[in-house]
Amino acid sequence: MNHDNNPFSGGRILKMLFLAAVTVAVVYPVLWVVKMALTPSQGFDASASPLPSNPDLSNFVYLFKETDFLRWLLNSSVVSATTTLLGVFLACTAAYALSRFRFPLRASAMMMFLIQQMFPGVLMMVPLYIIVDNLGLLDQLLGLTLVYATTAIPFCVWMLKGYFDTIPRDLEEAALMDGATPAMIFWRIMLPLSLPAVAVTALFSFMTAWNEFILAAIFMNSSEHYTLPVGLKTMVGQFSTEWGHFAAGAILVSIPVVALFFALQKQLVGGLTAGGVKG
Amino acid sequence: MASVQLEKVFKRFGDNAVVRDVNLDIEDGDFVVLVGPSGCGKSTTLRMIAGLEEISEGNLKIGGKVVNNLSPRDRDVAMVFQSYALYPHMTVRENISFGLKLRKMDAAEIDARVKNASGILGLDEYLERKPKALSGGQRQRVAMGRAIVRQPAVFLFDEPLSNLDAKLRVQMRAEIAKLHQQLGITTIYVTHDQVEAMTLAKHIVVMSMGLVQQVGAPLELYRRPANLFVAGFIGSPAMNFFDVEVKEEGGVPVMKGEGVSVRVPERFRSLLGEKGRKLVLGVRPEHMHEATEGETDVVVGTVDVLEPLGAEVHALGKVAGSDLTARLEPDTKVQVGDTVRIGVALDELHIFDRSTGRSLLEGVS
Ligand SMILES: Nc1ncnc2c1ncn2[C@@H]1O[C@H](COP(=O)(O)OP(=O)(O)OP(=O)(O)O)[C@@H](O)[C@H]1O
Ligand SMILES: [Mg+2]
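Residue numbers (my numbering), protein chains in the order written: chain D, 5 to 283; chain X, 513 to 877.
Be aware that a few hints might be false.
[Said to hold, decoys possible] Think about it this way: if two alpha-carbon atoms lie no more than 25 Å apart in a straight line, the pair counts; the simulated DSS-like pairs of lysine-lysine are: (1) D:Lys-270 - X:Lys-790; (2) X:Lys-627 - X:Lys-613; (3) D:Lys-237 - D:Lys-39; (4) D:Lys-270 - X:Lys-644; (5) X:Lys-679 - X:Lys-690; (6) X:Lys-790 - X:Lys-759.
Hints are computed from structural coordinates only; laboratory data are not their basis.
Quick caveat, the model's predicted, so the values are computed rather than measured.
Kindly generate the complete structure, drawing on both the sequences and the hints.
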């Protein structure tokens, strides 16, 4: 670490300039989206300024009044929340078993999870379509939820197993001596200690479901079953695109993810440093 | 409180037997220390008693009842781990009371027990802290507190002091001894530190390579080690060993080796068997002194290192091929490089058969 006391030293100013430049590069496009969202379609000025000249909320009003936006928001929320709960619960229990118990095909199971992750999702499209169709779940939120949960689980299992592996066995043995059953050990020792990893997997599962477009577009046929990404895509018209509406929708879509990030921030940062020192 | 018996207990990992034919009879209220070098199977034995490791063969009885197939939680034993194994997400109070809560004890009783334990261990100020905000010694106490509040039939300790610095180790050792006096709970304690074993134990079990070498009170093991292994392991600095054979000299049997000539004391003569038998003579450093002119029972060696400790001086060197450690008076004139004649105390000799390693003096008072 460089303890530079003079705030105006050359090196320090250079560093500041660099950081400022990077910040502008990152924030500028986001501001532009905000500008688009706040500018009525007619009055759009293409100047370089990221500030809207006469802002109003007409694009947002349009979304809520003239489209199924609320319906899609609800669909997305239900699908994402269920995916997260189902994915995290199944991943936790599977990862714990894979981390702590020895059973036949254990190593192969881990390998299968990994191999599945290696193929691009599109490759799974046709088989998934057939399976979901056979289950009679096409154009239903439940079908989509199942698909999302199964695609999120392999990553979550690897992530959680890696984390469980770092928790000393002594802790579980101490709990065993204290009179805990394996289930109590899992719920009262392992899970609380794994919160950072659980937070990461929860966020990952949520975003998998929240942002996914291709599968949702293929499985969902009726507008009332669209998720947000699919719904928003309908605004990108064949001949003209209502960028204002699209931008407003994009902002609304990103709010829950950002909120979740902030809510889990403490755990996430903890997740990066935990495991460094134990005991 | 309860007695503990191990009857012909084996532990195998695959084909590898790491604990072999262990028989122990531990009385109610005893303090037994399992001691031995790294990898000799001490922890494995302890973990079998705890129920954390399955018993491959033989019986384990606690309070007279075979408990081989009981899970740890039904054995009424508490264990203190080398790593302390405190639950990092719980406060000291929660750590200590976790086991009681699991047993659905009522809150008032839990409070009373936690209070009592924290009083004994001096943890009152720290009850609401998390383990990471404690020093090593304090964590150690919390680990003990967790065991005490359970009021178990048996305490198990696996090298509980090995992560502490030397001073704290001595202090905690005294506290563990005091605790045992106060509570009187049957205790089985694993360590590889023979000083800990000597100071804490009512009975010591010396193990090596999965086998029990000897069981006895600390001073019994010190005075009459049953074999070369125990002789070399118990006592610090360790016993000196010299290869010798018995020869007649002027009608008296004398143990002779390179640089060694020591008469066989009268009372041991009948035990040594035929002449020419290959033996090992054992002499503890504290039973050696600088020989006077006329003294004949001596070893002759060279001094390579002198370690002045204030109250005594340890002279390290060689007698022919064997290592020599002798405890000398603090005002000794011996210098590094000197050839010295070291006298041995005839009453304190140890004599072993070289091929079996067994002591020939077993049963001699
Ligand atoms: N799960 C296991 N699988 C295979 N071998 C094991 C297992 N646990 C222990 N062992 C072996 O058993 C032997 C005894 O181990 P143990 O832990 O009881 O030694 P110890 O006397 O406690 O040693 P230390 O003083 O180093 O703790 C060792 O050789 C070890 O390698
Ligand atoms: Mg051990």
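Structure-based check of each hint:
no. : hint                  : in the structure
1   : D:Lys-270 - X:Lys-790 : violated (72 Å)
2   : X:Lys-627 - X:Lys-613 : holds (15 Å)
3   : D:Lys-237 - D:Lys-39  : holds (20 Å)
4   : D:Lys-270 - X:Lys-644 : holds (18 Å)
5   : X:Lys-679 - X:Lys-690 : holds (17 Å)
6   : X:Lys-790 - X:Lys-759 : holds (11 Å)
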